[in-house]
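Protein chains: 2
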Amino acid sequence: MNRKELFKHIQNKKSFLCVGLDTDLSKIPVHLLKEKDPVFEFNKQIIDHTIDYAVAYKPNIAFYEALGPKGWESLQKTLEYIPKDIFTISDAKRGDIGNTSKLYAKAFFEAMNFDSITVAPYMGRDSVLPFLDFENKWVILLALTSNEGSEDFQLIQSNKGEFLFESVLRKSAEWGNPDNLMYVVGATRGENIAKVRALVPDNFFLVPGVGAQGGSLEEVAKYGMNDHCGLLVNSSRGIIYAGKDLDFGKQAERESRILRDEMEKLLEKYL
Amino acid sequence: MNRKELFKHIQNKKSFLCVGLDTDLSKIPVHLLKEKDPVFEFNKQIIDHTIDYAVAYKPNIAFYEALGPKGWESLQKTLEYIPKDIFTISDAKRGDIGNTSKLYAKAFFEAMNFDSITVAPYMGRDSVLPFLDFENKWVILLALTSNEGSEDFQLIQSNKGEFLFESVLRKSAEWGNPDNLMYVVGATRGENIAKVRALVPDNFFLVPGVGAQGGSLEEVAKYGMNDHCGLLVNSSRGIIYAGKDLDFGKQAERESRILRDEMEKLLEKYL
Numbered sequence: 580m581n582r583k584e585l586f587k588h589i590q591n592k593k594s595f596l597c598v599g600l601d602t603d604l605s606k607i608p609v610h611l612l613k614e615k616d617p618v619f620e621f622n623k624q625i626i627d628h629t630i631d632y633a634v635a636y637k638p639n640i641a642f643y644e645a646l647g648p649k650g651w652e653s654l655q656k657t658l659e660y661i662p663k664d665i666f667t668i669s670d671a672k673r674g675d676i677g678n679t680s681k682l683y684a685k686a687f688f689e690a691m692n693f694d695s696i697t698v699a700p701y702m703g704r705d706s707v708l709p710f711l712d713f714e715n716k717w718v719i720l721l722a723l724t725s726n727e728g729s730e731d732f733q734l735i736q737s738n739k740g741e742f743l744f745e746s747v748l749r750k751s752a753e754w755g756n757p758d759n760l761m762y763v764v765g766a767t768r769g770e771n772i773a774k775v776r777a778l779v780p781d782n783f784f785l786v787p788g789v790g791a792q793g794g795s796l797e798e799v800a801k802y803g804m805n806d807h808c809g810l811l812v813n814s815s816r817g818i819i820y821a822g823k824d825l826d827f828g829k830q831a832e833r834e835s836r837i838l839r840d841e842m843e844k845l846l847e848k849y850l
Numbered sequence: 580m581n582r583k584e585l586f587k588h589i590q591n592k593k594s595f596l597c598v599g600l601d602t603d604l605s606k607i608p609v610h611l612l613k614e615k616d617p618v619f620e621f622n623k624q625i626i627d628h629t630i631d632y633a634v635a636y637k638p639n640i641a642f643y644e645a646l647g648p649k650g651w652e653s654l655q656k657t658l659e660y661i662p663k664d665i666f667t668i669s670d671a672k673r674g675d676i677g678n679t680s681k682l683y684a685k686a687f688f689e690a691m692n693f694d695s696i697t698v699a700p701y702m703g704r705d706s707v708l709p710f711l712d713f714e715n716k717w718v719i720l721l722a723l724t725s726n727e728g729s730e731d732f733q734l735i736q737s738n739k740g741e742f743l744f745e746s747v748l749r750k751s752a753e754w755g756n757p758d759n760l761m762y763v764v765g766a767t768r769g770e771n772i773a774k775v776r777a778l779v780p781d782n783f784f785l786v787p788g789v790g791a792q793g794g795s796l797e798e799v800a801k802y803g804m805n806d807h808c809g810l811l812v813n814s815s816r817g818i819i820y821a822g823k824d825l826d827f828g829k830q831a832e833r834e835s836r837i838l839r840d841e842m843e844k845l846l847e848k849y850l
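Chains A and B, in that order, give the protein sequences.
For any residue, its number in our numbering is found by taking its place in the first sequence, counting from 1, and adding 579.
For any residue, its number in our numbering is found by taking its place in the second sequence, counting from 1, and adding 579.
Incorrect hints may have been included.
For identical chains, the list gives no copy identity; a pair is met inside one copy or between any two copies.
Here are the simulated DSS-like cross-link-like pairs (lysine-lysine), alpha carbons at most 30 Å apart as the crow flies [unchecked claim]: (1) K613 / K681; (2) K801 / K716; (3) K750 / K774; (4) K739 / K615; (5) K656 / K592; (6) K823 / K848.
Hints were generated in silico from the structure; no laboratory data involved.
Keep in mind that this is a model prediction, so the values were computed, not measured.
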């Protein structure tokens, strides 16, 4: 999917919601455990109930990898079930030297046909470039994450006065462009979203940390939105585990509709 | 495996060689392609021929992941084939927020029973700590890698005069200890190995970049060895693709013996 198409879907649905499919066998409703593939069955119902309000789905690969070969099958089936007009994100946080990154890119972009993959920047340009070689596929590079430990290294200031996450933005903007490169920018630091937006005005941000992790959607939109929206805001637990019983799908639908309604207002206000 | 045991194996075999199982269907001898599981068959023969000279094996997970569920089966079979007195490294370069890192840890340490996993530090402490909770299991944290792009961020100097890789060493040494934390330290920068060793005198280093990537084993030993060796030096392509025909096992044996013989001398000289 290219940037124009993504923006069109956002306008049509009046939503920039990404639903995180962090599907955990110990958290899904127990009645699903008797299904042949409980993970896929759960995802299918979540997708059915949220598809009108979401423009993207983001399986965190760890949840599938933890289940071994069976988990990869559930992931593949989930991906095939998601309609083609939805942006798909493999939240894998990969990153290795050139040859190896190319293999990861092939696995996620070709074998599994994801639109995008999250990538860790620590190893530098030759760990990122191989992912940028695929047409209409996207790298979503970790820049400023929303977890506690993000302070440890991302906020180290260089002898030139630049935070590490700023160096990541500045350098990576030379490797890719707003049509193949997005950034992970945590919502827990409102003031920093403005900083990131100033450095990369046209790139999309994938924003985790709204909801369970405590960020404000209003702040994200105020500081982060650009003229083609430029935001995908993720919610995982707050949607997919909103209900624990037979009606978990309806609860997920309700939560995603609430977020979409808020997003609709923010799009009117800031776009 | 604990540190004492690892050192004992190094002394017994007079070797600190790690063989990288970067098994690529487009590079293995063609006669293996008619086997039911060519990847496992290749690994099995490589292991049979190098086991007398190696103390560790390191499958790079990308090569298996690229093959889908079948690849994970080949990986599992390979791991089960490796004798228990060999240190096993899942070269996965994972790293995510706490809950997710815990899932990765379970996948590699419990479901697959690897001794260790390589981890990327960018997300900070809560992405690393969950891996350190497993008894006799190891984190191998990326510190100073041997690829070209390592300069992009790892060599950024902070306003306190510290390179990023030095910040990673200093902070992570507070999270783990020499009994559960190793570091990836590239061999292409001899002078830097001494710097790393000064900061973390007792931790093991996993050293890629000897051989195909061009580092010197003598320099690595001179600057990196400590009183319990403290080194695992990896060679992948130089060993596993030394031969391309029926005799590929014998060629791998020859290459690994040459490295072991050199390591034996270096252990005598610097230990």
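Tell me, which hint numbers fail for this structure? 4 and 6
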